[in-house]
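Trainee: Here the protein sequences line up with chains A and B, keeping their order.
Counting in my numbering, the first sequence runs from 19 upward without gaps.
Counting in my numbering, the second sequence runs from 20 upward without gaps.
Worth flagging that the hints you see were computed from the coordinates, not collected in a lab.
Among the clues, some could well be false.
What the hints assert, rightly or not - DMTMM-like mimics (lysine to aspartate or glutamate), calculated; alpha carbons at most 20 Å apart, straight line:
| id | chain 1 | residue 1 | chain 2 | residue 2 |
| --- | --- | --- | --- | --- |
| 1 | A | Lys114 | B | Glu303 |
| 2 | B | Lys227 | B | Asp198 |
| 3 | B | Lys299 | A | Asp117 |
| 4 | B | Lys254 | A | Asp63 |
| 5 | B | Lys254 | B | Glu267 |
| 6 | B | Lys254 | A | Glu261 |
| 7 | B | Lys227 | B | Asp203 |
| 8 | B | Lys227 | B | Asp164 |
| 9 | B | Lys227 | B | Asp308 |
| 10 | A | Lys114 | A | Glu184 |
| 11 | A | Lys114 | A | Asp185 |
| 12 | B | Lys254 | B | Glu40 |
| 13 | A | Lys114 | B | Asp308 |
| 14 | B | Lys254 | B | Asp39 |
| 15 | B | Lys254 | B | Glu272 |
| 16 | B | Lys254 | A | Glu258 |
As the list claims (entries may be wrong) - Covered, in the sense of this in silico footprint (three residues per stretch, anywhere, with C-beta under 8 Å from a C-beta of chain B), are these stretches of chain A:
| id | region |
| --- | --- |
| 17 | 23 to 35 |
| 18 | 95 to 101 |
| 19 | 187 to 195 |
| 20 | 232 to 241 |
Remember, predicted model here, so these are calculated numbers, not experimental data.
Virtual Cβ for every residue (Gly too), placed ideally from N, Cα, C.
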Amino acid sequence: MARFRFRQPSIVPGFGLTFGFTVFYLSLIVLIPIAGLFIKTFELDWASFQRIVTGPRFLAALRLSFGASLLAALFNVVVGVLIAWVLVRYRFFARKLLDAIIDLPFALPTAVAGIALTSLYVPSGWIGQLFSPYGITIAYTPVGIWIALVFIGLPFVVRTVQPVLEDFNREVEEAAATLGAPRRTTILRVVAPPLIPAVLTGFSLAFARAVGEYGSVIFIAGNIPRQTEILPLLIVFRLEEREYAAAAAIAAVMLSVSFLILLTINLIQVWSDRRFGNG
Amino acid sequence: MADVSFDANIAAPAVQSSTDESAPVRIALIALTVFVLALFLVVPLVSIFVQALAMGIGPALSTFRDPEAISAILLTLLVAAIAVPCNLLFGIAAAWAIAKYRFPGRAFLVTLIDLPFSVSPVVAGLVYVLLLGPFTPIGAWLLEDYGVRIIFAVPGVVLATIFVTFPFIARELIPLMQDQGTGDEEAALSLGASGWQTFRHVTLPNVKWALLYGVLLCNARAMGEFGAVAVISGKLRGETVTMPLQIELYYQEFRALAQVSAFSMAAVLAGLALVTLAIKTWLEWRYADQLAATRAGH
Numbered sequence: 019m020a021r022f023r024f025r026q027p028s029i030v031p032g033f034g035l036t037f038g039f040t041v042f043y044l045s046l047i048v049l050i051p052i053a054g055l056f057i058k059t060f061e062l063d064w065a066s067f068q069r070i071v072t073g074p075r076f077l078a079a080l081r082l083s084f085g086a087s088l089l090a091a092l093f094n095v096v097v098g099v100l101i102a103w104v105l106v107r108y109r110f111f112a113r114k115l116l117d118a119i120i121d122l123p124f125a126l127p128t129a130v131a132g133i134a135l136t137s138l139y140v141p142s143g144w145i146g147q148l149f150s151p152y153g154i155t156i157a158y159t160p161v162g163i164w165i166a167l168v169f170i171g172l173p174f175v176v177r178t179v180q181p182v183l184e185d186f187n188r189e190v191e192e193a194a195a196t197l198g199a200p201r202r203t204t205i206l207r208v209v210a211p212p213l214i215p216a217v218l219t220g221f222s223l224a225f226a227r228a229v230g231e232y233g234s235v236i237f238i239a240g241n242i243p244r245q246t247e248i249l250p251l252l253i254v255f256r257l258e259e260r261e262y263a264a265a266a267a268i269a270a271v272m273l274s275v276s277f278l279i280l281l282t283i284n285l286i287q288v289w290s291d292r293r294f295g296n297g
Numbered sequence: 020m021a022d023v024s025f026d027a028n029i030a031a032p033a034v035q036s037s038t039d040e041s042a043p044v045r046i047a048l049i050a051l052t053v054f055v056l057a058l059f060l061v062v063p064l065v066s067i068f069v070q071a072l073a074m075g076i077g078p079a080l081s082t083f084r085d086p087e088a089i090s091a092i093l094l095t096l097l098v099a100a101i102a103v104p105c106n107l108l109f110g111i112a113a114a115w116a117i118a119k120y121r122f123p124g125r126a127f128l129v130t131l132i133d134l135p136f137s138v139s140p141v142v143a144g145l146v147y148v149l150l151l152g153p154f155t156p157i158g159a160w161l162l163e164d165y166g167v168r169i170i171f172a173v174p175g176v177v178l179a180t181i182f183v184t185f186p187f188i189a190r191e192l193i194p195l196m197q198d199q200g201t202g203d204e205e206a207a208l209s210l211g212a213s214g215w216q217t218f219r220h221v222t223l224p225n226v227k228w229a230l231l232y233g234v235l236l237c238n239a240r241a242m243g244e245f246g247a248v249a250v251i252s253g254k255l256r257g258e259t260v261t262m263p264l265q266i267e268l269y270y271q272e273f274r275a276l277a278q279v280s281a282f283s284m285a286a287v288l289a290g291l292a293l294v295t296l297a298i299k300t301w302l303e304w305r306y307a308d309q310l311a312a313t314r315a316g317h
């Protein structure tokens, strides 16, 4: 009888130990707790679940979280492609320093970013006072939320587009130019298409991060119900009210969206590998 | 936009008018980049240090004589000292299993390992509260039979931190070890090395810089995590409050001195972030070939 082999034979030892530990630790830390959340949601009957996910406060938070995240991610796409282009193609003073500082939002704790941005954009802050004479307030409004989300999403598009631009074969651009294409046509028809998968991936990552973001947003948001209250904050409130099933229901909706985004990113990767080749 | 100078390209290939932007466009794009990065990154960073020193160096330093601040710093160090080694051990095991063998579902396993990055920090804290909180069967059993509190206590803070920093080291090691293959290990084994010797003397030296890179990023996130820890800690002053939570507590006090304390504590974490970025940049510059190729999305 041919024995079923889970893995292909190898003389390298340690598969059982490392694979076993990986699956055990992954289940213990990530999979079981997340499964528990969905089980908790099923404690609710359908009517209560429906009441939670159609309540005006939930819908307002949903609209705000996804709307602000979408606008922030779109802004990050435009600015991110621009920054990646400038950092890869041009040589200028302090370029290396700028390149290094791009990752600041990854390294800076979100609470630190949150209080720093808030103190800048309140009406008496360095930037807020430039706008307050015109009656424009930024902190404690959706605009403030957008600024925090732009901050934390900034590195994603830059860091996905940058390596693709670096690997880009400039001879193709030269070929387009020698064939008589104006620079604008070369950029739109030759340079841009291979960047699309990277841009989409960067957009999805920035969007996913923004939807779940908490620390940098709550300080600048003002947290007024139905106006400047984001979804993660609503979960925190439900938790403090000991409405555990309601908190779980909101979290389940957010997690499902995260999974969809994750799936989208993977599909983009598969599509781009097939369309543009791997590496 | 430069006009197309077809003849110039043939005569003198050095002139790249058709494959480069004109100087004014170039300068405008560089200026715009510098402006955006200054506005969104540099100004907030500088403002932290300026506000920490708003009342001079004395009040800023007095923050670190507050027993609450000291306890927050010690707790943050303790949490990182537990969470980072746990994820280091996991990262090495996962990378070994995934990179050195071929079995069905490897790609799916990698996706699962990346999962915590796409989960909101608040949800990360919530899943543990729902599983181990004092009102749950497991939580009640641990509390009543053993007197062990996990949620609203230090073990919960550690768990939440492990969750949010879960993928950092594994995702640095997996692509690198996949690229390196098993040739070196097979050579060592065929020369009579034991499995452990092979790992210590062959695999580990091959991945040490990527390992350091992963530990660096994992540690920065572990010390700076806010959302997940905020949900799970209960914010008991002097007990379960980490540095980022202590910043929030100071910030909410609205006294001028408390504001200085909030920004002084923030300045310490901002300093940690800058050191992290500096070492990270140095590693990328010095050992680019020994780090994983993919860089995006932490």
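Trainee: It remains to establish, for every hint, whether it holds in the given structure.
Mentor: Here is what the structure says about each hint:
{"no.": "1", "hint": "A/Lys114 x B/Glu303", "in the structure": "holds, 12 Å"}
{"no.": "2", "hint": "B/Lys227 x B/Asp198", "in the structure": "holds, 15 Å"}
{"no.": "3", "hint": "B/Lys299 x A/Asp117", "in the structure": "holds, 12 Å"}
{"no.": "4", "hint": "B/Lys254 x A/Asp63", "in the structure": "violated, 32 Å"}
{"no.": "5", "hint": "B/Lys254 x B/Glu267", "in the structure": "holds, 10 Å"}
{"no.": "6", "hint": "B/Lys254 x A/Glu261", "in the structure": "holds, 19 Å"}
{"no.": "7", "hint": "B/Lys227 x B/Asp203", "in the structure": "holds, 15 Å"}
{"no.": "8", "hint": "B/Lys227 x B/Asp164", "in the structure": "violated, 43 Å"}
{"no.": "9", "hint": "B/Lys227 x B/Asp308", "in the structure": "holds, 12 Å"}
{"no.": "10", "hint": "A/Lys114 x A/Glu184", "in the structure": "holds, 15 Å"}
{"no.": "11", "hint": "A/Lys114 x A/Asp185", "in the structure": "holds, 18 Å"}
{"no.": "12", "hint": "B/Lys254 x B/Glu40", "in the structure": "violated, 55 Å"}
{"no.": "13", "hint": "A/Lys114 x B/Asp308", "in the structure": "holds, 18 Å"}
{"no.": "14", "hint": "B/Lys254 x B/Asp39", "in the structure": "violated, 56 Å"}
{"no.": "15", "hint": "B/Lys254 x B/Glu272", "in the structure": "holds, 15 Å"}
{"no.": "16", "hint": "B/Lys254 x A/Glu258", "in the structure": "holds, 12 Å"}
{"no.": "17", "hint": "23 to 35", "in the structure": "holds (count 10)"}
{"no.": "18", "hint": "95 to 101", "in the structure": "holds (count 3)"}
{"no.": "19", "hint": "187 to 195", "in the structure": "holds (count 4)"}
{"no.": "20", "hint": "232 to 241", "in the structure": "holds (count 3)"}
Checked against the numbered hints given earlier, the structure breaks hints 4, 8, 12, 14 and satisfies all the rest.
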